[in-house]
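Colleague: Protein chains in written order, with my numbering: chain W, 8 to 318; chain G, 5 to 431; chain C, 7 to 277.
These aren't lab readings, by the way, just hints derived from the structure by calculation. Some hints could be false.
Derived EDC-like pairs: lysine to aspartate or glutamate, alpha-carbon spacing no greater than 16 Å straight-line [claimed, not checked]:
id: 1; chain 1: G; residue 1: Lys289; chain 2: C; residue 2: Asp48
id: 2; chain 1: G; residue 1: Lys431; chain 2: G; residue 2: Asp222
id: 3; chain 1: G; residue 1: Lys107; chain 2: W; residue 2: Asp75
id: 4; chain 1: G; residue 1: Lys410; chain 2: G; residue 2: Asp245
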Amino acid sequence: MNEQVTRPADRTTLGIKPTPGWARWVNEHRKWVLAAPAMIFVAALIVFPLVWTMYLSLTDAEGSVRADKEFIGLGNYLKVLSDTERFWPAVGRTALFTVVVLTFEMIFGMVIALLLRRSFKGERLVRLAILMPLVATPVAVGMMWRLIFDPNIGLANAALALVKIPPQPWLAGQYTALPTTMLIDIWQWTPMVALILLAGLTSLSDEPDEAAQIDGASTWQRFWHVTLPLLMPTVIVALLLRGIDALKTFDILYATKGKGGGSYHEVETLNVYAYGLSFDYNEYGVSSTVLILFFLIIIGCMWALAGRGKK
Amino acid sequence: MKRSTFLGLALVPAAATALSACSDGGASSGSTTLRVILANHVWTEAIKAAIPDFEKSSGLKVELTTLGEDQLSDQYNVKLNAGTGDLDVMMYRPLQEGKLFAKNGWMADLTSKSKADKAYDWADFQESPIKATTYKDKVVGVPIITEREVLYYRKDLVQKAGFAGPPKTLDELKAQAAKIATDNPGVAGFVARTGKSPAVTQFSSFLYSYGADWTTADGKSALDNPKALDAYKMYGGLIKDYGPKNVSTDMSWPQAMAIFQQGQAAFYTEADSLYKNATDPTKSKVADTVGFAQFPAGPAGSKPYNIPSWALGVNKASTNQDNAWKFIAWATSKEMSLKTQQAGVPSARNSVWANPEGVKGYPKDIVDATLASVKVGVDHDRPVVVKVSQARELVGAPIVDAITGKDVAASVADAHKKFDAFLADEK
Amino acid sequence: MRTSPAYRVFRVVAIVLIVVAMLLPIIWMVMSSFKTNIDIFDTAKTIFFAPTLANYTTVLAQANYLKFVWNSFLVAFAATALSLLLGVPAAYSMSRFSMNKSALVVLMARVIPGVSLLVPWYYVFSNLRMVGGYGVLILSHMFVSLPLIVYIMMGFFDGLPTELEESGEVDGLTPLGAFWHLTLPLSTPGVATAGVLSFIFSWNNFMFALVLAGANTKTLPVAIFDFVGYASIDWGGLMAASSVVTLPIMVIALFAQKYVVSGLTAGATKG
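Put together the whole structure using the sequences plus the hints.
Modeller: Next up, the structure:
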């Protein structure tokens, strides 16, 4: 397997000078020298907000974070966890939304990546076209979709009318709003999954796949037994990154249904709820509690996922 | 590209970041620079154009930031909570966040400043708007824009249906909307905001015109008043029965206005400050047949709201309060108020309204409607509380239920209970 | 190629459908930017309408619009470059040494909801007198990009066999030398992908710029809200502004494609 690696002839050909003492130290400690800067950067920026939010969640802060507040221990937590009107439905919507969009995005993303794997004419433009949903400004995208899906003057119903399907409420209907936002999300984020999977695919060698084909394996078998296992690390990465983002989805929901996720909170997920508590209601104690709980839920999901797939 | 080239390129931003972190950041030194935050509004456009004159005459430099309404609100939330002196003059909504800001001690006391200069003429400001920018007898803001609810209507459709003019009472409105809707399939008789929170302000005029209000004199919920129930039923019923098909239950003004602009509704109750959206031919298909009338009378008369939608205040944590006042005094002076009113923004100064120059350029029926509304207007268009957002959602829920055909009486009773508990909590 | 003709046809059709689905709303948006405000709402005028350049004139004539484009570019470029600088080596180390727990620390940056960052960050940066400058924008964008880059690169490095560096060390390269001369060139598709995605995220980031940017350092997504007023929304202007915002990214993406594609040849030389 090593024969095909471009082997450097030797150090003098590459023009590498003998290793000075400091470089030796760096090489020996490279594990942390390479990893530490990124970790320190993140830790430095995250510590204060995290501690601050945890502190606020234990108080009854409202109106202003600097106003007098009382330490109420776990009072907020009890209140939030027993709130079946806003909190638990928000949890449910968050779970539903995430599972659905993630499933479709992974499947569609994989299909697209597989289709684009081999070189073909015009592939640069196709790749560019696929990037467009990702690239378009989310603000404008949200307002654009709101217009497209307007039941009375929107394009969506006008298009349906052309094929004689009755107009749908789309974002306006109490039970159709969330699925419609799922549609928008899938449109917008499938490209990201496709891109990540494609990068992974292009770095796989063709040999195992061709060998399997010679052995007479069908397309599906080749995919399931050869390609997918090799692609697993990339798949996990895409799942993890998109999963976290999906749990935290905010822009699309806010742009299409506004504060509170609609009059009946149709699209109010945990992030939308926490945002409303902070910026709308100024209930900082409660919003911090929701944020901390949200944080823990995401970590829980990650733990489950990362534990399964990592080498 | 070679790795070393890339590495070099990457280090440039690193150096730039380190440098810029120190310079160009944050507050400017010296108090001759004024940090002003304004909302995107026609008023702001007019002021922006005149700022160079202000800078010349005062010797101050104005660093202006303009933002959309919601973004503005978010900015204030973060900056005022952090308590730093990064902004001096703020444009805020007295009825939405005024009480909260004042209660939190974020507004500077302008009482003495406002009364100091006779030429400024504090007494010239209309009474209701001033009330909204005063907290516990202290002046905390100067109102700059006022608005009232009026009836937008389609002159052509009213005429075609054989009516002499726009409806003068709410019952007439219902009748006219019904007839026009039947005669013109595809056109709704009536449209208005439907979102739980956005609709509250436009619904308020209905509430007052039925003789009800949000709270009683001693601060309890007044939603158990049977007249309130009638008001909810009227507003919701109009939209349910004569509104657009499949109407969305989260329309704020952009969505409702779009329906009217496209010619798909005959009547629309909305704030008069938005009138240009209907009369501008580049925006509205019905620009040449739209008319404006005073809000139709309910059993208790025509009682639309007359409120200051925006005001200017000074950040209490600002280190530049005297100069901040200079800006406000200039922007709200008689001269500037006349200019902004001429640009299409209803001001809060009596003298400007009395001045014929001040009403030039407005469609005549809007001026009439406005002047009539000022006389009978109610000074609030939403519950006057600290936690306005929550209050709006509580009292707005029955509106949406009325629109979707649910049991309105039960919904109002429920809202009354919750609102009462909410008010007790606020005390 | 051993692909059947049937598959080739299917492939073409599928790709065309996908491209159309992805592009249709964008095309609609660009077309809208050439319509008057009335026409945008008029479904009858979807395809055939009288075009106008008025929206673009408004956008470009607006004071400082090009400055905002520059601001967005500067911040996105710097944030991406610095994140790559910090993130790629970190990802390499975390991959080779299976530092899963340490990787999670970096991922935390992506997990924490943005809402909880705003007030504390504003407070700290305001006291450091950094608000309104480019530095704070770059730092906040890096915060978002770093986990993305680290994780994508980790997945990538996981797929590169360790024999690669081992053979380099046999030839006398130090471990870091092997990384620099051997591993890195082969990871160009990963770096290009991570870089492009990071740039896009940075370009479109709205929340941090809203709170931390000054009048001079405002980035495009915030500037777009200039078209959303209290009493009117200039839809045509909004669509034109959005179209203008998208253009630079398209150019960058086109440029970066070269490096994503280079993986095709690199992959063939790996064992």
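Colleague: Against each hint, give a clear statement of whether it holds in the structure.
Modeller: Checked hints:
With a C-alpha separation of about 10 Å, the suggested pair Lys289/G and Asp48/C falls inside the 16 Å cut-off, and the hint holds. Annotation: proposed proximity of Lys431/G to Asp222/G holds, straight-line Cα distance about 11 Å (limit 16 Å). Pair hint Lys107/G plus Asp75/W holds up; C-alpha atoms about 12 Å apart against a cutoff of 16 Å. A threshold of 16 Å between alpha carbons decides the hint, and for Lys410/G with Asp245/G the separation of about 13 Å falls inside it, so the pair holds.
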